[in-house]
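Could you slot chain Y with the ligands onto chain V? The hints should help.
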Amino acid sequence: MKNIVELKDVSKLYDETVALGGIDLVIKKNEFVTLLGPSGCGKTTTLRLIGGFEQPTTGSIFFDDVDITNVPPHKRKVNTVFQRYALFSHLNVFENVAFGLRIKKLSENAIVEKVDKMLSLVNLSGFEKRDINSLSGGQQQRVAIARALVNEPEVLLLDEPLAALDLKLRREMQHELKNMQQQLGITFVFVTHDQEEALSMSDTVVVMQDGEIQQIGSPVDIYNEPINSFVADFIGESNIVDGIMLEDRLVDFAGSRFECVDSGFGKNELVDVVIRPEDLVLIPAEKAKLTGVVRSVNFLGVHYEMIIEAKDGARWLVHSTIMEPVGTEVGLGLEPMDIHIMKKVG
Amino acid sequence: MRRQSMMPYLAWMLLFIIVPLLLVVYYAFTIPSETGNVWSLENFTRFFEPIYLKVLWRSVYLAVLSTMICLLLGYPAAMIMVGNAFTRKSALMLLFVVPMWMNFLLRTYAWLTLLERNGFINVLLSALRLPRLNILYTNSAVILGMVYNFLPFMVLPIYSVLSKIDKDVIEAAGDLGANSLKVFMKVVFPLSLPGVVSGITMVFMPALTTFVISRLLGGGQFTLVGNLIEQQFLVVGDWGFGSAISVIMILLILLSMAIMSFFEGEESEVAPW
Ligand SMILES: Nc1ncnc2c1ncn2[C@@H]1O[C@H](COP(=O)(O)OP(=O)(O)OP(=O)(O)O)[C@@H](O)[C@H]1O
Ligand SMILES: [Mg+2]
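Sequences listed follow chains V and Y, in order.
Residue 1 is where the first sequence starts when you use the numbering used here, and the numbers rise one by one after that.
Residue 1 is where the second sequence starts when you use the numbering used here, and the numbers rise one by one after that.
Be careful, since some hints might not be right.
[Said to hold, decoys possible] In the EDC-like style, the derived pairs of lysine to aspartate or glutamate whose C-alpha atoms are separated by at most 16 Å in a straight line are:
1) V/K311 to V/E286
2) V/K178 to V/E197
3) V/K343 to V/D248
4) Y/K182 to V/E95
5) V/K267 to V/D252
6) Y/K167 to V/E54
7) V/K344 to V/E286
8) V/K77 to Y/E171
9) V/K75 to V/E152
10) V/K75 to Y/D166
11) V/K29 to V/E6
12) V/K168 to V/E197
13) Y/K186 to V/E95
14) V/K77 to V/D64
15) V/K2 to V/D248
[Claimed, not checked] What follows is a set of in silico ranges between Cβ atoms, one per label pair, in the way DEER data are often shown:
16) Y/L73 to V/L13: 36 to 42 Å
17) V/T58 to Y/M79: 31 to 37 Å
18) Y/N139 to V/N70: 37 to 43 Å
19) V/L167 to Y/F189: 17 to 23 Å
20) Y/A91 to V/K75: 32 to 38 Å
21) V/S120 to Y/M79: 52 to 58 Å
22) Y/L73 to V/D210: 45 to 51 Å
23) Y/A91 to V/T69: 55 to 61 Å
24) Y/F263 to V/S107: 44 to 50 Å
25) Y/F189 to V/S134: 34 to 40 Å
26) V/L13 to Y/F263: 44 to 50 Å
No lab work stands behind these hints: they were computed from the structure.
Backbone N, C-alpha and C define an ideal beta-carbon position, used for all residues, glycine too.
The following block holds chain V by itself, in its conformation from the complex (with noise of 0.2 Å):
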């Protein structure tokens, strides 16, 4: 596929913030990209300079090869669903999301027709003449959705679209999104901080953090190859600990020997071990090199959450099917596939 739009060494800062400190990306046309990160990594504002609302302080920003850096936004082909959704609330809901579509002067035919087509797609048939302020959380957001939307960008650029929503209704756009995307072949590029959204609903998932790019690649990479202890620790839930990489193959941590499948690292050099909780296994106490005593268990649905206090102090999370009441002493088994080894970060 065909690059859409790439960032090249692009950073941005604030008076004193960096924001962005350099961040190379490539978005390829129809995929579905999310950036992914905490709070103030500067998801915001790589959308914005995509977007042309903000000038990059270093770099440049290209779309279909063109250079755009310092093209304005009413000229860039890229439409973008706000943070905090931004609808004008001097006009009514059908009015809003006529808004781009009466600027490139439509016919007042074509504008119905399209306006009332998006507005069924967000389910929202029916509140053409609401006002913008009698509207719900939920509602303005899949407004401001079918705002942008209805232009048919060829990127659309999405901040946090869903997060207003109630898990059910999140579970329904978070679908209709997809499919729209896919149908539409929309470039999606999706910011979230919610790491299941993220790898549910994109091609390739960035994982940003103080303005840096971490990991870049598809959701099954990110979740089974994270590259550090951060991208493992905010990508789904992780058991992080100190171990020493005695050689290839072979580490130490929790007091035990383990035998894994990395390789690479420095004789005894320190290293992040990372298990995912749903990796360790209840199996007998006797049986194991891993053993604690249960602290606590919380019942999620589909599976226990327990925590397994080891006699160095370290707590294990582990999720599992079936339960050992608080107390109980208890072993932990593990495959050497399951053990990730991460080179320290800083």
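Positioned in the frame of chain V, the structure of chain Y with the ligands alone reads:
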């Protein structure tokens, strides 16, 4: 509790607003006769003589004109104030607010000396070999005085509405393809209408009823309704006629307020500010 705390306020209203108003209405609808005051509409019918209608017309005309000038000057000024960096913004704000701290009469007298035949402006103009400006005691001077005195009342409400418009909304309009002109026409201006309406109201009313500005800068030959009322009470002593004109003015003002609040109400339904 609540009732009690309202009491002084109500008493105040009664004493200084309701009672005088009732007195004005009473005088307006009565004329003196040998048997004391009798009910009559004579005071009102008198107002519809051409000479007085002309005064009313001139007042409305000058008030509308100066309100429009205030709007044309005030809107851009408010936009500049909103758009600028903090330091310049507050400097500009001071420029508008400081004259308001000075007495209204003094400000107007100042213009009298500035505009005089041998006043500051003409001295300056002739020093620059430019033609003299002889607008004192003309409509122009009255309008100048009104615009000068009432401009802040236009700028401040517009400024306060403009400064509350979310930057995101303006960006969203640009994002949807609107250039700066369209952003202004389709978003900024409609959103600022409540401020414009209250600015117009706050300038038009005092402009319609002023008598100081027209007396000082209009030199008395340009009588406005305000002067007419003042004359009836203080010079002629015809309280009945003076009251009748006042009642007519109150009705006119109520009418224009109703028209304005219709616009404002329509706006504020969709714009909470
Ligand atoms: N206009 C601005 N002026 C100064 N600093 C800014 C500005 N905009 C953003 N920043 C800073 O840049 C950094 C990145 O901000 P950004 O809004 O991109 O974060 P984000 O990832 O979108 O966070 P969130 O998830 O909370 O929306 C933050 O430290 C923020 O304080
Ligand atoms: Mg953000």
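Now for the hints, and whether the structure bears them out:
1. V/K311 to V/E286: holds, 14 Å
2. V/K178 to V/E197: holds, 11 Å
3. V/K343 to V/D248: holds, 14 Å
4. Y/K182 to V/E95: holds, 15 Å
5. V/K267 to V/D252: holds, 12 Å
6. Y/K167 to V/E54: This hinted pair holds, its Cα atoms lying about 13 Å apart.
7. V/K344 to V/E286: violated, 32 Å
8. V/K77 to Y/E171: Holds. V/K77 to Y/E171 sits at ~15 Å (cutoff 16 Å).
9. V/K75 to V/E152: Cα-Cα ~14 Å, so holds.
10. V/K75 to Y/D166: violated, 22 Å
11. V/K29 to V/E6: With a Cα-Cα distance of about 11 Å, the restraint between V/K29 and V/E6 holds, given a limit of 16 Å.
12. V/K168 to V/E197: Judged against 16 Å, a Cα distance of about 13 Å means the pair holds.
13. Y/K186 to V/E95: holds, 11 Å
14. V/K77 to V/D64: At roughly 10 Å apart (the allowed maximum being 16 Å), V/D64 and V/K77 satisfy the hint.
15. V/K2 to V/D248: violated, 40 Å
16. Y/L73 to V/L13: 36 to 42 Å: Holds - the Cβ-Cβ distance for Y/L73 and V/L13, about 39 Å, lies within 36 to 42 Å.
17. V/T58 to Y/M79: 31 to 37 Å: Check passed, 32 Å falls within 31 to 37 Å.
18. Y/N139 to V/N70: 37 to 43 Å: Given about 51 Å between the Cβ atoms, the range is violated.
19. V/L167 to Y/F189: 17 to 23 Å: Taking Cβ atoms as reference, V/L167 and Y/F189 lie about 41 Å apart, which means the hint is violated.
20. Y/A91 to V/K75: 32 to 38 Å: Taking Cβ atoms as reference, Y/A91 and V/K75 lie about 35 Å apart, which means the hint holds.
21. V/S120 to Y/M79: 52 to 58 Å: violated, 39 Å
22. Y/L73 to V/D210: 45 to 51 Å: Cβ of Y/L73 to Cβ of V/D210: about 49 Å, so the range 45 to 51 Å holds.
23. Y/A91 to V/T69: 55 to 61 Å: For V/T69 against Y/A91, whose Cβ atoms are near 34 Å apart, the range 55 to 61 Å is violated.
24. Y/F263 to V/S107: 44 to 50 Å: violated, 31 Å
25. Y/F189 to V/S134: 34 to 40 Å: violated, 23 Å
26. V/L13 to Y/F263: 44 to 50 Å: With Cβ atoms ~45 Å apart, the hint holds.
Violated hints for the displayed structure, listed by number in ascending order: 7, 10, 15, 18, 19, 21, 23, 24 and 25.
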